[in-house]
Amino acid sequence: MSRYSRVGRPKPQGGGLELAIWYMMRLTGLALFVLALSHFLIVHLVVDPSQQSADWIQTVRWSSMFWRAFDWLLLMMVLFHAFMGVRTVVIDYTRGGARSALLMALYLTGIVLFVIGTMVVMTMPVVPKA
Amino acid sequence: MINGYRIGEGMLAWLFHRISGVAIWAFVVLHVFDIYLAGSNPGLYNDLLGFYASPFGRILETLLGAGLLYHALNGARIIIMDFWPVMTRYNRIMWYICWVIFVAVGLPVAYVILKPIWGA
Ligand code: HEM
Ligand code: HEM
Chain V
1 MSRYSRVGRP KPQGGGLELA IWYMMRLTGL ALFVLALSHF LIVHLVVDPS
51 QQSADWIQTV RWSSMFWRAF DWLLLMMVLF HAFMGVRTVV IDYTRGGARS
101 ALLMALYLTG IVLFVIGTMV VMTMPVVPKA
Chain S
1001 MINGYRIGEG MLAWLFHRIS GVAIWAFVVL HVFDIYLAGS NPGLYNDLLG
1051 FYASPFGRIL ETLLGAGLLY HALNGARIII MDFWPVMTRY NRIMWYICWV
1101 IFVAVGLPVA YVILKPIWGA
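Protein chains in written order, with my numbering: chain V, 1 to 130; chain S, 1001 to 1120.
Isolated chain S, as found in the complex (with noise of 0.2 Å):
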């Protein structure tokens, strides 16, 4: 319940893909005007770099690949069912495989990434 609504799932699922999608976007954004420093300004691309690095930089990447992630899954449902209206019938076993793949692929790559940070 928020604000007294009844949030289903299918309302979840529109939602986190909406953020995830304008999350990655502004990202993109900024990554396309830093590997574009790469060729034109190389110094300060590496200064830059040493943020992407940092611990604090790891984490927002989790982030970052959490939701590219979460939105590849949740976008090739949708294209599934956009092409093959028969699998709506299977719209929330979907959404729920999804998830599946999510903590199996995410986990081990969030701690990969993360894993300097502590230093292993």
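Just chain V, same shape as in the assembly (with noise of 0.2 Å):
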């Protein structure tokens, strides 16, 4: 049968938490293709980043409500997709004491990024377009 991927991690078989998080990985990773490719190309190619000042977040991207949502959501998605991604590497490679701190840094470092992205999304100022 062909549920070896070759590459990605085997279905895990029997369900719960670990099916979730393999289908979760999945659904985040095509989200990714579209929401981190256009952010690539539009932080690249649409605007140098010479020109991406703190000013210019606020009173040009952040201006635009869209743009918040979809700087939100692709905070979400990469948020899950990289942080459960490092998890199976860690789970991998360490095992016992180490294993569980290593664990417990990983989601602690992501619940902050959670926090401090979510914030800066959500509460800088509007400024309307002039």
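It is worth saying that the hints were derived from the structure and are not from the lab. Bear in mind the structure is a predicted one, so any value in this text is a computation, not a measurement.
Listed next, the stretches of chain V that the computed footprint assigns to chain S, with coverage defined by at least 3 CB atoms under 8 Å from CB atoms of chain S: (1) 21–30; (2) 41–52; (3) 77–89; (4) 110–118.
By construction, the Cβ of each residue, glycine as well, lies at the ideal position given by its N, Cα and C atoms.
Put the complex together from the two separate chains, hints included.
Here is the structure:
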């Protein structure tokens, strides 16, 4: 059977949380295919990084609710995908106490980024486009 | 051959996927923090932006973009095979297609990112 796709983690048998994570990795992966690639193209092809001052983010990018929502969705997808992906890597190379400690540090970092990332995109005062 | 092991394409695809995934993860940790600074400490954020726009920064961004593009294409290949098992037969062809797209899309984008270095 071709349950083994040669690169990805084999689909966990027996359901439960591990299977849900396996599906979520693929779902968030598909979302990132669109969101992350288009974000990268916007911040390199449409506008050069040298133009992207804090003021530009506030008065141009984030004067639009669409782009705030887009960025927050990108944030949610990438945090889940990246942190659950690195979780697989940590579990592959560690065991016992080191594994628990690293996973704990990983989850804590993820939670901190979730909080500060959400805070900045949701609370930066809106400056209507001139 | 590495250390006497024959390295198959499947293993290379896996290794690149893992390395690129962890590298992008590391960038995202930095990046969410720097965008947070754009709100809480714009001066410091703008200083950091100087690095993004510098020649060395641009080289790193090109590598990041390459990693992201490879990971996205190969990730799509994995997803296709996971949900559409008959496609596993075309595993190798899809891997080559990934590299064709990688070069076709990657080179022009790399050119645009890097060209300010030589003032174009
Ligand atoms: C752009 C679209 C993307 C697609 C289509 C994609 C797809 C995938 C897939 C299918 C897997 C295998 C999941 C598994 O077997 O558990 C994976 C793993 C992973 N991804 Fe992504 N991904 C994308 C973007 C990203 C981004 C932006 C990051 C980092 C911020 C990332 C980090 C990772 C990591 C760390 C792994 C685990 C690697 C491993 O287990 O060897 N991915 N990705
Ligand atoms: C070096 C390349 C990159 C540059 C110069 C860059 C630049 C920016 C800028 C200026 C913003 C502010 C909002 C906006 O303009 O949309 C932003 C937000 C964001 N970027 Fe990037 N970006 C880069 C790569 C990436 C990558 C590869 C990812 C993830 C896969 C990513 C994820 C995000 C997220 C999630 C936000 C929203 C953060 C928040 O809401 O707290 N960026 N980026």
